[in-house]
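Colleague: Model the full assembly from the supplied sequences, consistent with the hints where possible.
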Amino acid sequence: MYWVMVTNPRYEQSRRYDGQVGEVVGRWGPENSADGRDGLLVEFADGEIIGITEAEIEPVVERRRMPRDQA
1 MYWVMVTNPR
11 YEQSRRYDGQ
21 VGEVVGRWGP
31 ENSADGRDGL
41 LVEFADGEII
51 GITEAEIEPV
61 VERRRMPRDQ
71 A
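Here the sequence shown stands for residues 1 to 71, numbered as in the working numbering.
A hint or two may mislead.
What the hints assert, rightly or not - Pair by pair, the computed Cβ-Cβ distance ranges are: (1) 26 / 61: 20 to 26 Å; (2) 37 / 62: 25 to 31 Å; (3) 62 / 31: 19 to 25 Å; (4) 60 / 10: 25 to 31 Å; (5) 61 / 30: 25 to 31 Å; (6) 16 / 59: 19 to 25 Å; (7) 11 / 47: 17 to 23 Å.
If you are wondering where the hints come from, they were derived from the structure by calculation, not from laboratory data. We put the beta carbon where it would ideally sit given N, CA and C, even for glycine.
Modeller: Given below as C-alpha cells:
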C-alpha cells in the first residue's frame, strides 16, 4: 500500500511508534471500534500492526524498505 509516519500519537497503542514509519496494510471503521473512530491499520518494523487515526500520521513520500532488524 503506502507508508506513513506517526507524528501526533493520541492513543496508547500509537505512542510507542512516535516518529516511526510504518506501512498501511488496511483500514478499520466505526463498526469495529468501541469509540466509533475510523482509521488505518499500520504495520511497523517490529511486525506489530496497530489501528491508528489519520490525525496521528503524515504520509511518507518516499520509503526505502529496511530489513526488520535495522528499523
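Colleague: Would you mind marking each hint as holding or not holding in the structure?
Modeller: Hints versus structure:
One distance hint, 20 to 26 Å for the beta-carbon pair residue 26 and residue 61, holds here, with the actual separation near 21 Å. Taking 25 to 31 Å as the suggested C-beta distance range, the pair residue 37 and residue 62 conforms, at roughly 29 Å. For the pair residue 62 and residue 31, the beta carbons lie near 34 Å from each other, so the given range of 19 to 25 Å is not met. For residue 60 and residue 10, the Cβ-Cβ distance of about 19 Å falls outside the hinted range of 25 to 31 Å, so the restraint is violated.
Distance hint for residue 61 and residue 30: a CB-CB separation of about 29 Å, consistent with the stated range 25 to 31 Å. In this structure, residue 16 and residue 59 meet the distance hint of 19 to 25 Å, their C-beta atoms being roughly 21 Å apart. In this structure, residue 11 and residue 47 meet the distance hint of 17 to 23 Å, their C-beta atoms being roughly 20 Å apart.
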